[in-house]
Amino acid sequence: MNEAAGATRYDETYARWRRDPAAYWSEAAKGIAWDAPPRAAFDPALGVYGRWFPGGRLNTCFNAVDRHVAAGRGAQPAIIWDSPMTGRIEAMSYARLQDRVARVAGALAARGVAKGDRVIVYMPMVPEAAIAMLACARLGAVHSVVFGGFAAAELATRIADAKPKAIVSASCGLEPGRVVKYKPLLDAAIGLSPHKPASVLILQRPESPCELTPGRDEDLLAAETAASPHACVSVESTDPLYILYTSGTTGAPKGIVRDNGGHAVALHNSMSMVYGANPGDVYWAASDVGWVVGHSYIVYAPLLAGCTTVLFEGKPVGTPDAGTFWRVCAQHGVKVLFTAPTAIRAIKKEDPEGLLLKRHDLSRLEALYLAGERCDPDTVTWSERLLGKPVVDHWWQTETGWTITGNFRGLGLFPTRPGSGGKPAPGYDVVALDEANRELPRGQIGSLAVRLPLPPSCLPTLFNADQRFRDAYLSAHPGFYSTADAGMIDEDGYVWVMSRTDDIINVAGHRLSTGAMEEVLASHPDVAECAVVGVRDTLKGQVPLGLVVLKAGVTRGEAAIGQELVAMVRDRIGPVAAFKDARVVARLPKTRSGKILRATLRKIADGEDYVVPPTIDDPAILDEVGDVLKAAMR
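FYI, in UniProt numbering the residues of the sequence shown are 1 to 634.
Hints were generated in silico from the structure; no laboratory data involved.
For clarity, every value in this text was computed on a predicted model and none was experimentally measured.
Careful, some of the hints might be misleading.
Taking lysine-lysine pairs in the DSS-like style, the calculated list, with each CA pair at most 27 angstroms apart, reads [stated by the list, open to error]:
| # | residue 1 | residue 2 |
| --- | --- | --- |
| 1 | Lys349 | Lys315 |
| 2 | Lys181 | Lys358 |
| 3 | Lys595 | Lys389 |
| 4 | Lys595 | Lys551 |
| 5 | Lys315 | Lys630 |
| 6 | Lys196 | Lys181 |
| 7 | Lys358 | Lys389 |
| 8 | Lys630 | Lys580 |
| 9 | Lys349 | Lys389 |
| 10 | Lys389 | Lys163 |
Using C-beta positions, here's what the derived DEER-type ranges look like [as the list claims (entries may be wrong)]:
| # | residue 1 | residue 2 | range |
| --- | --- | --- | --- |
| 11 | Thr213 | Arg385 | 53 to 59 angstroms |
| 12 | Arg587 | Pro229 | 25 to 31 angstroms |
| 13 | Glu12 | Tyr610 | 44 to 50 angstroms |
| 14 | Arg16 | Ala70 | 18 to 24 angstroms |
Cβ coordinates follow ideal geometry from the N, Cα and C atoms, glycine included.
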């Protein structure tokens, strides 16, 4: 399909949703097997802002697993586990997945877990993580996945809040060059929490087995083998499927709630509409089950759509090299790869000319999708040049569960604009607002917000915290969901996410986006990745400071590169930016999901107190970059 036709088909679909949202989502709901059909698409009188598919009954596990077996596709691979960390690759059919999930559900039920109970899953990237999630869904229990290896204190807060009846964990996780023992962290977390789970099931990994606590802990595989398969339990559409905790500004984590019905409908619909992935296709989201991408696009959406999903235990570089992603795509016939911009930047840093990529046959790879943080245009154009395939930056959040804006292979791709997250998905009415809640003209930067109601799969509330949900997301702009992202919508309807709202800096009265400056820095041929931080200035209020990581093999002087970067920002953004300093650092501090810790960097630069985020990948990097920031402020 040509680009003009693609744009027309997208425009028609978006307009159809705008004319009659209920009809649009009722049609999408036909892709799901319901035990009882919903009485309506949406009821605005339910919940905080309304609820989707009230009265409907279904089971998410049945839709993700059992119905494909019933349709005669049980022999198709459901999960391909590719683990460079262990040197193992295993494929699991839908029929085998059904049997294992049913037995783990039976094991949980035998230990008292029933519909509505919570189960914490604290696992590495192994098939048993997905099996545990699906087993909870099968029972109508509510899972809460915590990133494997998360600090004991943070895990304890989630145990205390969710009050799980059981925990499913593993003896260890594997990182390049080290084994992370989970059992001591889990024991410490349970000790810290006022709530104590009745049962703990542990996957014993041969790389580092652990001792089990008598009377509480049991071997997961032994429990699975001994259990009787459990049938799918029918639940209400509005019943919760899972809780996913995200860090809160007050220190207490926010429990994002995802319901069963809206989640199943939106995610099933997204696989064909957004990614062009259909039953039997191999789809790979290179993320972790601890993050929302892992929930949505490693486990649920691909299986709901009848695809084969790749579950990868490794890193984009170092396991063993920067060609790993391309090896996985070629070996397993991946049709669509979805990863974070930071992963591609890491690959680009180590292999800027794509020499490792050229060793692999990527003829079956049709598109690369990027999300997780704003993607600089240089990373998009670099990827397009080397792959020769569409590269789509799309914008979404933990809270939404699927894309707010993007490009839509199932509707025919329209022209991409590097730096933009694309156009709104059907279901989202995105606007840029000023501080008085007024919609800004096209092209002006403001707070990006979504007009209520949010579409299916978006959070209906926070776990046991309706008022906190209102305060955090609905109070800043009444009638809208506040994304906390700043950006603008251009004349053609493309949405540009420039930065978090607190990353808009005020330089001598001019509101400027650090994201726009990062775009300039990232376009320098020697820069692998970068961050711009606004720091206090007695004269101008704030001034920007650039931190850049250079590509592998760059030997030019740092001072010369810094001067070039300053000149580029002055040329493209103007002297008003007051950009006068760019410092080279070895690494940037990031979360384990790859997001740069810009807010923490800003606090360090301003001399404010800060707490090391629990999601940080390597605390030592924060100290290194902090020293650079402090030196720059002298």
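> Against the structure shown, which of the earlier numbered hints fail to hold, in ascending order?
Replying inline: When the structure is compared with the hints, numbers 2, 5, 10, 12, 14 turn out to be violated.
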